[in-house]
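Engineer: Each step along the sequence shown adds one to the number in my numbering, with nothing skipped, and position 68 is 68.
Heads up, a few of these hints could be off.
Label-pair ranges, simulated between beta-carbon atoms [as the list claims (entries may be wrong)]:
| no. | residue 1 | residue 2 | range |
| --- | --- | --- | --- |
| 1 | 158 | 66 | 35 to 43 Å |
| 2 | 146 | 45 | 37 to 45 Å |
| 3 | 47 | 131 | 35 to 43 Å |
| 4 | 26 | 128 | 33 to 41 Å |
| 5 | 129 | 83 | 42 to 50 Å |
| 6 | 111 | 149 | 19 to 27 Å |
| 7 | 6 | 153 | 42 to 50 Å |
| 8 | 167 | 133 | 14 to 22 Å |
In case anyone wonders, no lab produced these hints; they're calculated from the structure.
From the three backbone atoms N, C-alpha and C, an ideal C-beta is built for every residue, glycine too.
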Amino acid sequence: NLTIKIATWNPMHLSAHTCRAEEISRNFSQIQLMGLIGTGSKEWTDVGHHRKKLDNHVLIGFGYNNDKHSNRSAGCALLVGRPFAEKHLYSIVSPSKQSGLRGRAGAVTVKYGSVMMRLIIAYFPPRSRDSKQEPQWRATCKALRAWVFHQWDQSKEKETPFILTDLNSQLE
1 NLTIKIATWN PMHLSAHTCR AEEISRNFSQ IQLMGLIGTG SKEWTDVGHH
51 RKKLDNHVLI GFGYNNDKHS NRSAGCALLV GRPFAEKHLY SIVSPSKQSG
101 LRGRAGAVTV KYGSVMMRLI IAYFPPRSRD SKQEPQWRAT CKALRAWVFH
151 QWDQSKEKET PFILTDLNSQ LE
């Protein structure tokens, strides 16, 4: 039997240049799959994601760019821990540059024996108190929901999808 512990958490900040990722990995070493929502991490790759080996996990980061649906609070990541390893990462999907959603979402399919899971990570922005920002907030939430639902629909027959988010956005 395989017992899998899955969690989500908003670390508020997770710079690639600090030890914060290692600290989180150590503190949550018993969690095999953990979505980190709101990392505040930039993305420097063209593919829209990066990997980093930590003591207890592999981090797959989806950092933000200066896109229409992104800001400095965006960025999300997935921590993948034992018994899973890099060799079990079947696929990694980032939103396209054209979508403007980089740093708001990502999807990772993990294949471990006969178990196949699609972990869809989404960081919905908090609702703005400024009414002038409302149309942008709605547009971002709408685009992000569409991307998440598309990833869900792309799940194969024997692939179990999970959505990892913090939903601090008061979605309507």
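Engineer: Against this structure, judge whether each hint is valid.
Structural biologist: Right, here's what the structure says about each hint:
1. Distance hint check: the CB atoms of residue 158 and residue 66 are about 39 Å apart, consistent with the given range 35 to 43 Å.
2. The hint said 37 to 45 Å for the Cβ distance between residue 146 and residue 45, and at roughly 24 Å that hint is violated.
3. Evaluation of the 35 to 43 Å hint for residue 47 and residue 131 yields a pass: the beta carbon distance comes to about 37 Å.
4. With their beta carbons about 35 Å apart, residue 26 and residue 128 fall inside the hinted range of 33 to 41 Å.
5. At roughly 45 Å, the beta carbons of residue 129 and residue 83 sit within the given window of 42 to 50 Å.
6. The supplied range of 19 to 27 Å is met by residue 111 and residue 149, whose beta-carbon atoms lie about 22 Å from each other.
7. Against the hinted window of 42 to 50 Å, the Cβ-Cβ separation of residue 6 and residue 153 comes to about 21 Å, which falls outside the hint.
8. Taken as a hint, the range 14 to 22 Å holds for the pair residue 167 and residue 133, whose Cβ atoms sit roughly 19 Å apart.
Of the numbered hints listed earlier, those contradicted by the structure are 2, 7.
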